[in-house]
Amino acid sequence: MNATPELNATGHSRSFSRRGFLGLTAAAAAVPLLAACGGGSASKGGGGDLIKFWDMPWATPAYNDAAKKITESYVPAGSGPKAGYQTIQWNNFYQTFSSAIASKTGPAVSTGGGFQAFQFDQQGQIAYADKVIDALKKNGQFDDFLPGVLEPFQSDKGYVAVPWQLDMRVNWYRKSLFEKAGVDVPKDWNGLLEAGKALKKIGAVGFMTGAGAGNFLGNHAVVQMMVNNGGGVWDENGGIDVMNDRNVEAVEFMYELYSNGIIDPAGVSYNGDNHDAQWKNKAKAAYGPHVFGLNNRIGDTSGDLLVADPIAGPHGDKATLLFPNNIMMYKNTPSQEASEAFLVYYMGKLKDLWQQKLMNALPVFKSITELPEFTSDPNNVKIVKEWQPIAKTFGARGTKLTANTAVLDGGQALTQFAQTVLSGKGDAKTALKAFEAGLKQVVKS
Amino acid sequence: MTTVNSGLSRARRGIAPGGAGRPAPQAGVNRASKLHGQTSRTYFWLILPSVLLLLLINGYPLVYAGIQATHDGSLIDAGNFVGVDNFSSVLASEAFWKAVQFTLVFTLVGVFGSWAVGLGLALLLRTRIPAGGLFKVLLLLPWVVPIVVSSTAWNWLVASPDSPTAKLFTAFGLETPLFLADPTLAAVTVCLFKVWVSFPFMMMMSAGALTSVDNTVYEAASMDGATRWQQFTGITLPLTARSTYISWILMTIFCVNDFPTIYLLTGGGPVDATTSLVVYAYRKVFQDFQTGPGVAVAFLMTITLVIVSTALYRQIRKSSVE
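Keeping their order, the protein sequence lines are chains A and B. For the first sequence, the numbering used here begins at 8 and goes up steadily by one. For the second sequence, the numbering used here begins at 5 and goes up steadily by one.
There's no promise every hint is true.
No farther apart than 25 Å at their CA atoms in a straight line, the calculated lysine-lysine pairs in the DSS-like style are these [said to hold, decoys possible]: (1) Lys440/A - Lys102/B; (2) Lys89/A - Lys111/A; (3) Lys432/A - Lys102/B; (4) Lys182/A - Lys208/A; (5) Lys451/A - Lys399/A; (6) Lys436/A - Lys102/B; (7) Lys102/B - Lys287/A; (8) Lys171/B - Lys208/A; (9) Lys289/A - Lys171/B; (10) Lys291/A - Lys171/B; (11) Lys356/A - Lys76/A; (12) Lys208/A - Lys291/A; (13) Lys102/B - Lys447/A; (14) Lys207/A - Lys171/B; (15) Lys204/A - Lys171/B.
In case anyone wonders, no lab produced these hints; they're calculated from the structure.
Chain B on its own, in the form it takes in the complex (with noise of 0.2 Å):
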């Protein structure tokens, strides 16, 4: 056991059999650090006209929006100054704490659902399959097609007694489901949904971690004993963390942040039941016709948003320094 722990950690560390681990430091530290800041500059200069283009196009409609999630206008007229009234009465709203709880639960599975199936087709797509290629363009197409079409079609699988789901569970004797007009029901055919259209990115994400993860640390592993178990849990997992972590955090993003999603395939309902958060601020702005309260929503997400991303941030950290 001893032996395969040393081995794992040696391969988790990137060392292959017979190798020595990092090379030892070297003479010319000066020189190397000289050029590293040369490349530091380098960078900054090669980036900034990417972030100057961020901070512009997202610094007027922050601002802006900060300005009409202290007012009390409208789309057209900013109103008066509230302060933070449009945050107090969101924050004491059920609905508002309603929709935070589904978008947790969205998220969640969501983020984990898609990451689950997309690692393990990738794993299942790096053995030797016949037209493997063939699979790969087949399961991106969730991710390709337009959310507009594929919603169209979960709808035409699942929205009435008559179609071919419901169908099925009634050729085998159950009663016949209403997917999207029971409340849990629904809540769990658009998590599905999401799964579903996420998974593709998720298997990209984890195929292309997994290519840099080289056979022969496997192979070593394999030579100290190590399960298929423990060659994932102790190789594949660690050597993958670092892009694991960011496409959770991307995923994060792109959950919470799901409009069409949700509202294509039941506009929030039945009865507020798939109503998330973005659900729930579009609908405060553009159907309940209250602004302040819809951007507050927002700027709630945002920085949300923000921390969660910072404690992932941290994660990769830590995973690099591993």
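Next up, chain A with everything else stripped away, as it sits in the complex (with noise of 0.2 Å):
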């Protein structure tokens, strides 16, 4: 009867000593420290007899599959070292090959994210690829790159990587919707927000973009369209320069399209798939900023979702934004000569990749798109076409990318101001004083 309480009231508490408890406490307590200091998944061998060469997962699965028969295929010249292929997911990328670097145990040569090359580089972990460049010469490879995609590489000290694959923000339109609203695709400023109003009436949404959980094409887009009207987050030298009066001229017009219903009150909570299924849902994005390839990523090929014409700002400027993603190499290699050649090798068979339709991007190489499996897609074309001499960099105004562009994309002080206009809050030079101030408290002058 009585066990329960004699047991609490007496031996068993007391036992359980505060020192003891204190001690596991602090040990669970500790499980944020254990997160941030990381640990992460250092794989085994940076060096060896293997180059070893990590990519991400780009696409489906099969283009790790093809991209891994690429590399194993590589037969390296004389006695030099064969090349060995792993998938690094996204997941916590930056912690993974940071903990394999420091430990030594990172890969040779790797992809991953677009910015990484220069965050590496800043630590003195990036071998430069001007060799690569100079076999690339050799090869004709290098006269085959589309214009303007090898500069933002090239540092004072040489190419801190090689691009492969562009990432680009192109302008998205759903045909039927515009028919139905009676309006014209937009060419300028002007004609997005008559168009807008015009698709708000039938319950469409005139811009419609995502910045939730993991989303960052809300953020692109807010940026797009500073770049678009002239403007840009830094200025030629690379410094920061966010109040000029082109950004709060755009800022102001974004601020004008959620007043009058045209950007969706929901967008700023919109995570990859909310935002794709307001794609998918054929009455309600009718047209928008988005990736390369929508059409293919959301299943819809019919015909009726198209790349718009590029809008031009209220200046006559048209620009968008476009990520080079790229292939760096580190010094932690058995042999430099052997990454050197093996990404040579690697370059000469991009076209493999989107031969077999296993990419979702547009490709460096004019070469690979002029193949047919590429203009196949009357999108793809119009994107090389009218999209791709126009884009710029994050790095804009400026022509280079340096690693405080990493600290830019996906930072909180881009998010925090991309969330801000896209939920109408505030106004124009508000939230560009307060993005200024988040990004100089975080960017390395």
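Using the hints, put the two standalone chains together into the complex.
Quick look at the structure:
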């Protein structure tokens, strides 16, 4: 009868000592420290007998299978090392790379985040690709690059990485909704405003984007509008230049779009799936910026979802954002010459990936954009002809990329700014000032 | 009333009707003391491997985190020693205090909301209801289902104006709610999601504690004329207090350290409305690439958790002594 209270009041509770309890509590409470300081999944063997090539899941698993096959088919000249392939997941990829590099078990060559090469270059881990560029000049591939794609990678010390595919923001529209609304697809900002108002009347969204968990397209959309107006986050020398007139004008226009109900008010919380669902819904998203190959991404190749013409800002500027994904080499390698030889080989095999229709991205080589497998989709042709020539990087208004662009992309300052604008809170100048202040806190001068 | 109170007082001490309370001290105290000493030594040796393992697992990251928090480096290189600069910059940041505020709300709602629901259901399931076992299993599902799955389900329920919950509101003629896009509603949604995910744990803890309360205690209280509410406040709560405090400590740690519940549903947005300290620390380290300040936030969280846990531990001791 009295057993439970007696036990509680005597023996057991006293042997459960405070010191022991505190020790265990401290251990349990240390979880955030463990999470923060990492110890990610460093994989084995950066050096050894293989050139380790780490690649990301850029498309369906079939892509990684094909990339693995290309890697493992590499036959080195002489007695050089062969190459090994490993897929690295996007989750915590920066932690994975960092811990592997720190423990000297990282790759010799890798793809990765768009600005990763610049971050690791800042930390002295990157091997420059000048000799690879020289080899590409010799084999003719250098002249095959689309205009302007190599320039962002050229630093004072050398080429930080070599671009291999382009992630571009282009404006898409759903033809049937414009027909239903009885308006033309916009060619300038004024047209965008008028079309948006007409589309709203039929319940469609005239500027669809999303800035929820893990979805950076909304962030890109706001910067894209700034760049489209001749603005940008940086000046020509890479310094912060947020409060310029063109940016203010662009952000004021975004607020105008919001106040007219042209931007979906729920968009600020759309994750990638929610965002795509709006485009899948044939009555909802009518116009807005999205990635190359949106039609394939959401499985709508009926011809109703089309790439729009680039729109002109109030001063006649036309521009969009481009994220040149790249392949980088690391100093920790069994042989720098072997890394370079492998990268030259891999660049020569890129065509296979587009021929097999595994890639949903713009290639860097003109010859690939001329392949029938690529030109079979008229949207692709339009992007190459009309959007690629006007594309600028996140480094705009400068032309070079730096480690600071990594801090901009996905950083708290830009996310907070974009979410403020896309939820119509405050005004343009206040939002831009907060953005500038946030950026100054994290950007290294 | 005096009879009721005296009955409840006896019941609280676990004394059944007609019982005599604690047994009187007996002879042979020295022998008992000797045995107690031997038992303590046995406990010590049994617990030692686990404690050593915990120290090894936590020791290195703690020390390394200490180094990172006092340096200005990256994940690869520790960088230069900056003393407490990272702590002072974090403490001076408005975003940090906003995260503190949300963490407090999230933790309070998470702990007490899930405890209230869990205890209520545990009391309900204590009564004989048809298919009680099946209900218990079903009620455990939110805790058992991986958080990625449940967050996806909640996202589907609330994310867009076309989602079922939003449509339900509009069907009743209400304005379309922006559950995740409106800062206040997003905070409410995330807290409710946390309660939903956590109540099964609290239910299990409460159910376990309730089984240790003998029915005769309630019978005694009933005979003394105690109402249901008096039985709940005078018997159920005090006799399950020890388990309750432990569950509060654990849930406080779970809530403060909870990254996926928030990050998967809102990513900390909109405009930082649902950014907790652990999300803030993550974003500092992995999105702003500010390792030192991010780890400093994690350190501050750890210190706070130890203080809160100690305070709650004192409550456990008090409840044991009473």
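Results for each hint:
For the given pair, Lys440/A sits about 19 Å from Lys102/B by alpha-carbon distance, which is consistent with the 25 Å threshold. Taking the CA atoms of Lys89/A and Lys111/A, the gap is near 19 Å; set against the 25 Å cutoff, the hint holds. With a CA separation close to 18 Å, the supplied pair Lys432/A and Lys102/B stays within the 25 Å bound. Taking the CA atoms of Lys182/A and Lys208/A, the gap is near 16 Å; set against the 25 Å cutoff, the hint holds.
A hinted pair counts as satisfied when its Cα atoms are at most 25 Å apart, and Lys451/A with Lys399/A qualifies at roughly 22 Å. For the hint linking Lys436/A to Lys102/B, the alpha-carbon distance of about 22 Å falls within 25 Å, and the restraint holds. Between Lys102/B and Lys287/A, the direct Cα distance comes to roughly 37 Å. Violation of the 25 Å bound is thereby established for this hinted pair. Distance restraint check for Lys171/B and Lys208/A: the Cα-Cα separation of roughly 20 Å lies within the 25 Å cut-off, and the hinted pair is therefore satisfied.
Between the alpha carbons of Lys289/A and Lys171/B the distance comes to roughly 18 Å, so the proposed pair stays at or under 25 Å and holds. A C-alpha spacing of about 15 Å is found between Lys291/A and Lys171/B, which places the hinted pair at or below 25 Å, so the restraint holds. Restraint check for Lys356/A and Lys76/A: the C-alpha separation of about 11 Å stays at or below 25 Å, so the hint holds. For the hint pairing Lys208/A with Lys291/A, the CA-to-CA distance comes to about 12 Å; that is within 25 Å, so the pair holds.
Straight-line distance between C-alpha atoms of Lys102/B and Lys447/A comes to about 19 Å, which keeps the hinted pair within the 25 Å bound. For the hint pairing Lys207/A with Lys171/B, the CA-to-CA distance comes to about 19 Å; that is within 25 Å, so the pair holds. A C-alpha spacing of about 24 Å is found between Lys204/A and Lys171/B, which places the hinted pair at or below 25 Å, so the restraint holds.
Figure legend: structure checked against the earlier numbered hints; the only hint not met is number 7.
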